[in-house]
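2 protein chains.
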Amino acid sequence: MGETYDSTTFEETLREKQSEIEALLRMALPKEEDFQKTVLEAMNYSILVGGKRLRPMLMQETYRIFSQKESDRALIQFMLALEMIHTYSLVHDDLPAMDNDMLRRGQPTTHAKYGEAMAILAGDGLLNLAYETACGAFEMMPYRGDSGFFVERHQRIAKALAVLSRKAGVYGMIGGQVVDVECEKKGDEVTPEQLDFIYRLKTGALLEAAMVIGAQLGGATEAEVTLVESVATKIGLAFQIQDDILDVEGDEQVLGKPIGSDEKNQKSTYVAHYGMDAAKAKVEELTESALGQLYRLPRHNMFLEDLLKSLVHRQK
Amino acid sequence: MGETYDSTTFEETLREKQSEIEALLRMALPKEEDFQKTVLEAMNYSILVGGKRLRPMLMQETYRIFSQKESDRALIQFMLALEMIHTYSLVHDDLPAMDNDMLRRGQPTTHAKYGEAMAILAGDGLLNLAYETACGAFEMMPYRGDSGFFVERHQRIAKALAVLSRKAGVYGMIGGQVVDVECEKKGDEVTPEQLDFIYRLKTGALLEAAMVIGAQLGGATEAEVTLVESVATKIGLAFQIQDDILDVEGDEQVLGKPIGSDEKNQKSTYVAHYGMDAAKAKVEELTESALGQLYRLPRHNMFLEDLLKSLVHRQK
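Protein chains in written order, with my numbering: chain A, 1 to 316; chain B, 1 to 316.
No lab work stands behind these hints: they were computed from the structure.
Note that the coordinates shown come from a computational prediction; the quantities given were computed from them, not determined experimentally.
There may be inaccurate statements among the hints.
[Claimed, not checked] Okay, derived cross-link-like pairs now, DSS-like style, lysine-lysine, Cα gap no bigger than 30 Å in a straight line:
id, chain 1, residue 1, chain 2, residue 2
1, B, 186, A, 37
2, A, 159, B, 37
3, A, 185, B, 37
4, B, 37, A, 186
5, A, 185, B, 113
6, B, 186, A, 113
7, B, 267, A, 37
8, A, 31, B, 185
9, B, 159, A, 31
10, A, 159, B, 159
11, A, 316, A, 267
12, A, 37, B, 185
13, A, 159, B, 69
14, B, 37, B, 69
15, B, 31, A, 159
16, A, 113, B, 267
17, A, 31, A, 113
18, A, 264, A, 52
19, B, 186, A, 31
20, B, 282, A, 31
21, A, 113, B, 31
22, A, 267, B, 37
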């Protein structure tokens with residue numbers, strides 16, 4: 001895929017790609033100036049405090065399956081937008097009225113550092129900036145008299161915007177958050193259908209957005225986009241179930257947090273519903289099926305395969 | 001402008017237009033079903049609980065200055081999107097960490113009725129839905145082989161999206177909210193520049209978005225769009241100053257709320273800074289200047305003129 005890659009260097013390549021994405025983010029973030037300085041600081045803090053940059057990375061790696069190019073300027077706008085949406089959702093999730101978390105990745109959460117009002121506004125600001133940034137993709141593709149090229153590129157970007165807003169909204173991530181909030185501390189009362197809904201949307205929806213938009217902007221056919229979406233859905237679900245597994249039998253040293261919190265909080269999980277063996281088997285089944293679908297795409301991206309495997313087999 | 005209108009029927013026409021916009025909103029709002037039902041209810045409640053529908057109305061009336069048509073499907077998507085953005089901003093503004101209001105228009109605010117977590121998510125959901133709705137404008141203009149038409153329409157919609165996200169974000173409405181929050185209870189310490197910043201952005205930015213997008217989608221030239229934006233800026237500022245005036249010498253019976261709250265809350269206002277006479281003169285000066293600019297546009301829209309006048313000369 002352009003750069004040299006063999007899987008023995010996975011961790012190193014991963015870090016390089018994270019740094020590249022962070023450099024893009026730093027360039028795109030608002031300058032902390034003018035009267036509204038505080039909210040701009042709070043937004044930049046929330047984004048730069050850390051993160052695996054998984055979603056923009058998945059988008060770019062999926063794009064590379066379909067495109068001859070490594071990336072393009074419209075793609076970069078969407079990569080940045082998706083990371084902003086992910087970040088806003090964490091800022092609002094951490095609020096006192098939601099999860100009430102004071103620390104994230106060992107650092108003060110946005111409301112802990114800037115106060116609750118500013119955290120609400122910083123989240124709102126990031127969500128808006130995400131759309132402003134994604135809309136910037138159109139400006140990267142101005143009309144230069146070649147209407148065929150213009151029509152094709154504009155249609156791709158418009159479709160990508162539609163996917164982004166759908167997957168981030170009440171039929172995507174927010175939908176999952178809502179049901180998660182409502183099912184809190186309800187343990188056994190939560191139905192398998194509700195659990196599936198939360199798992200599919202709360203984390204899965206943005207992973208789907210990442211891979212689908214990467215495919216769309218890379219020029220995938222509709223059938224290929226459907227295949228890519230199915231890969232993302234399965235990986236998202238496997239990722240969530242692995243989360244449940246680690247909360248029961250993870251290594252506290254490796255995880256960097258105590259295990260058993262789901263049981264303590266009477267959280268309904270896949271493990272609690274179906275048992276540990278079934279949960280592990282499900283992770284394997286979903287992963288194999290997703291990787292099998294990935295092989296049916298026109299080109300292989302070995303790094304992407306390793307990245308997906310690392311997500312579902314992670315120990316922390 | 002298509003329908004019959006003379007200014008003696010202003011109030012009646014206003015109510016008719018409000019009902020038309022509400023009918024469009026009702027059709028566009030999400031069905032209250034599936035697992036995330038509660039947030040959909042909270043979103044619909046927030047929008048349908050009331051409102052003058054001023055922003056979509058301004059957008060449509062400005063469009064009618066430039067277009068031969070009364071409206072088009074792309075315009076309607078943006079009208080709905082703007083009202084959703086306005087509504088989300090009220091839902092988040094009313095939160096305990098912000099203004100902590102339990103009533104709005106005599107009805108329970110969203111967090112009073114659905115709880116704080118659901119109000120945060122409903123606001124987020126409305127903001128996302130606004131962009132999803134605005135992006136829907138592209139689908140209303142599919143490519144049918146006429147690339148000239150496609151290029152022109154797509155460019156207009158892309159520009160309208162850029163304006164919407166800019167004016168709603170940290171360089172628009174949210175920027176104004178942030179400085180407003182920070183200047184609270186600071187009275188005399190607030191500088192005229194800060195006050196101007198708040199007034200220009202907190203209410204003004206969305207009024208600008210309304211009129212600019214209406215002009216763009218109606219096919220205005222760039223010079224005409226600039227003129228329209230200037231009209232909106234002036235009316236927005238006059239509207240805010242009138243607010244300050246009414247809080248000092250309004251009729252409590254007509255207003256439906258006690259006057260004097262700005263002084264009590266040590267709020268920095270235009271009246272406090274410059275005195276009542278200067279404030280009143282400023283409202284007149286801004287209104288005359290705005291209406292003068294409006295006359296330079298290709299067609300007159302008498303209802304729009306009356307609407308703008310009613311905003312700055314309102315008694316409640």
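Going down the list of hints, with the structure as the test:
1. B:186 - A:37: Satisfied, since the Cα-Cα distance of roughly 18 Å is no more than 30 Å.
2. A:159 - B:37: holds, 26 Å
3. A:185 - B:37: Given pair residue 185 of chain A, residue 37 of chain B holds - Cα atoms ~19 Å apart, limit 30 Å.
4. B:37 - A:186: holds, 18 Å
5. A:185 - B:113: holds, 21 Å
6. B:186 - A:113: Holds: residue 186 of chain B and residue 113 of chain A sit about 22 Å apart, inside 30 Å.
7. B:267 - A:37: With a Cα-Cα distance of about 21 Å, the restraint between residue 267 of chain B and residue 37 of chain A holds, given a limit of 30 Å.
8. A:31 - B:185: Status holds; Cα separation ~27 Å.
9. B:159 - A:31: holds, 23 Å
10. A:159 - B:159: Satisfied, since the Cα-Cα distance of roughly 16 Å is no more than 30 Å.
11. A:316 - A:267: Holds, because 19 Å separates the two Cα atoms, which is no more than 30 Å.
12. A:37 - B:185: Satisfied, since the Cα-Cα distance of roughly 19 Å is no more than 30 Å.
13. A:159 - B:69: Roughly 27 Å separates the two Cα atoms, so the pair holds.
14. B:37 - B:69: Violated, at roughly 37 Å.
15. B:31 - A:159: holds, 23 Å
16. A:113 - B:267: Given pair residue 113 of chain A, residue 267 of chain B holds - Cα atoms ~26 Å apart, limit 30 Å.
17. A:31 - A:113: Holds, at about 19 Å.
18. A:264 - A:52: It holds: about 28 Å lies between the C-alpha atoms, which stays within 30 Å.
19. B:186 - A:31: holds, 26 Å
20. B:282 - A:31: violated, 33 Å
21. A:113 - B:31: Distance ~38 Å between residue 113 of chain A and residue 31 of chain B Cα, so the pair is violated.
22. A:267 - B:37: holds, 21 Å
Consistency with the previously given hints fails for numbers 14, 20 and 21, ordered from lowest to highest.
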